[in-house]
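From first to last, the protein sequence lines stand for chains H and A. When we follow my numbering, the leftmost residue of the first sequence carries the number 1, and every step to the right adds one. When we follow my numbering, the leftmost residue of the second sequence carries the number 1, and every step to the right adds one.
To be clear, the hints were calculated from the coordinates, so they are not data collected in a lab. Bear in mind that the values here come from a model prediction, so they are computed numbers and not experimental data.
Taking lysine to any residue and the SDA-like style, the derived pairs with C-alpha atoms no more than 20 Å apart in a straight line are:
hint, chain 1, residue 1, chain 2, residue 2
1, H, K193, A, G16
2, H, K288, A, M113
3, H, K102, A, L23
4, H, K102, A, R15
5, H, K100, A, N10
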Amino acid sequence: MNYKINLRKKLYPLWFLLPFLIMISMFFGFPIILTGVMTFTDFDITYRPSFVGFKNYQKIAMDPNFFKILAITFTFTLVALAIIMLMSIVISILTQYFVKRKVARYAYRTIWLSMNALPSIIYAVVIRGVFSPYATSGANYICLKLGLIADPISWLNHFPLVLVIFTTGFLNGANGIIILSAAINSIPEDYYKAARVDGTTEWGIVTQVIIPLLKWPLMYLTVTNAISLISSYNYILLLTEGGPNLRTTTLSLYAYQNAFENSQFGYGAAISIFVVTISIALVLVLFKLFNFDEMIQPCRIDD
Amino acid sequence: MSNKIIIQNNRAVVRGFVVNILLILLTAPVIYFFYWLFTTSIVNSMTGNISFKNWGFLFKEMNLDSIIIPIIWPTLWFTIKFAVLVTLLDTMIAVPAAYAFSRLNFKGKTVLMKGLFFFNAFPSATIMIAIFFLLVNLNLVNTLVGVVLVAVATMLPNHVYILKGFFDDIPWDYEWAALVDGCTRFGTFKQVVLPSATSGIGVIMIFAFLRAYSEWFLFKILIFSTKYTTLAKMMQMMLMDDGDILDYGAMTALAIFFAVPVAVFYMLSQRQLMKISNLGGKKLA
Chain H
1 MNYKINLRKK
11 LYPLWFLLPF
21 LIMISMFFGF
31 PIILTGVMTF
41 TDFDITYRPS
51 FVGFKNYQKI
61 AMDPNFFKIL
71 AITFTFTLVA
81 LAIIMLMSIV
91 ISILTQYFVK
101 RKVARYAYRT
111 IWLSMNALPS
121 IIYAVVIRGV
131 FSPYATSGAN
141 YICLKLGLIA
151 DPISWLNHFP
161 LVLVIFTTGF
171 LNGANGIIIL
181 SAAINSIPED
191 YYKAARVDGT
201 TEWGIVTQVI
211 IPLLKWPLMY
221 LTVTNAISLI
231 SSYNYILLLT
241 EGGPNLRTTT
251 LSLYAYQNAF
261 ENSQFGYGAA
271 ISIFVVTISI
281 ALVLVLFKLF
291 NFDEMIQPCR
301 IDD
Chain A
1 MSNKIIIQNN
11 RAVVRGFVVN
21 ILLILLTAPV
31 IYFFYWLFTT
41 SIVNSMTGNI
51 SFKNWGFLFK
61 EMNLDSIIIP
71 IIWPTLWFTI
81 KFAVLVTLLD
91 TMIAVPAAYA
101 FSRLNFKGKT
111 VLMKGLFFFN
121 AFPSATIMIA
131 IFFLLVNLNL
141 VNTLVGVVLV
151 AVATMLPNHV
161 YILKGFFDDI
171 PWDYEWAALV
181 DGCTRFGTFK
191 QVVLPSATSG
201 IGVIMIFAFL
211 RAYSEWFLFK
221 ILIFSTKYTT
231 LAKMMQMMLM
241 DDGDILDYGA
251 MTALAIFFAV
261 PVAVFYMLSQ
271 RQLMKISNLG
281 GKKLA
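The shape of chain H in the complex, shown without the other chains (with noise of 0.2 Å):
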């Protein structure tokens, strides 16, 4: 009887997160597996896979194209990433502590609010309008206008690593606005005039104070942008689809490409492997930055 209500104490919880552990095991748990072990088949367009070793990672290095793109990874994940940091913290300090006026401070982030909520393919609507070769459209019309060119340009042929990096970064850094914003807003008044009193100027308040404030979102923004600007690849699709001639392909996308396009699902895999292990190696540090037992609670009904 007392085992039988001990069992029955034990598998409570479980009626609450079974339905959570399948839908995490079956999407995630299960297909990070299964991408580890269809790296090692010849898994394509017949679904007849069997198994070939490590040819396809032997492919990966006789790939003429890998390590092209693999420097055009790093170059798009490191501008770009310090073009969100570097937004984000200009913009938030600039709008939460420089503009004095409530007006001004609540019109600022109601333009960067609606910036982040509205779905990404509006974007690239916008900007591929803006940037099309058409002699009226926004860039070349200005541009023109200015003698800065000559005949319209077709900025996604001449400039496509520079749209999509650009692009990306100024759209992710409207995401970190939000998040530091909210920090900086709760920042108590208090510790300014400290500042001052003590004789800080206005730069001093902003590197002593505001940004040391600011350490654990900082933190937690460089490593998630680093992890969505390596493995994702929203923006370089529906703005470019990594061309023109592999100018703008990076890794993931790759990946991508080899398996939906040329359906060459287990070269497709083994190209994502190199990807889900640096997304793992920096969920890692994310795991260091933040103390995890801190946040999790034990609960106080001994029931």
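Based on the hints, put chain A in the right spot on chain H.
Positioned in the frame of chain H, the structure of chain A alone reads:
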């Protein structure tokens, strides 16, 4: 003395000036985007006059040179249906799970919490190949059930994580009081904890709905028939099929049509969303 004050005042004025110039410069592109979107949609690209020709998809099928835009309402209806399905399933799974993470003791809780954080940060795009293979074997590829399941699964860790924060904020005394009065554990969950967590549940429902509403990637990979097309998928297809020669008039009109519900929804729910000020447990400052 008075000189010093004047200098300080001057400095403040200059600083305010610099700050505003900087902010205006940084915000200008965003405003230009919105401006461009709006003007392009109401201008006839041939004549340059204002016209509402671009909005034809509201009433009939539009046959442009390169693409056909079908009448929009069935697609909108499907998009909303998809978003509602995802939101409901997501909430149904996330709420009890978040409650367990916040309030119950069980073996392996620490590991699972870490897993939650891990999957929250983990990019599901990288394992899409395996997910596709899985759905093929379950005969769920090209079905609505399949996309809904994958869509819900990819957003679950994040939502459970957010919701756990809301549950953590509810005082334990409420539950103790209910238990003392003879309520069961499940009874307290239903009658005490859930009503106190409505704002948190609201937040994840908003997130789920917005994300499902703008989903195109999963439809691109997991769906082959045109029967299931969301607005975002439709726009993505036009954007990628036609590239540079696109009719941006119709495209921007479509984009605005697509964005307006989101914008309205977001403005209405802004206060609600501002409530998540911490990134799960740890206070920021």
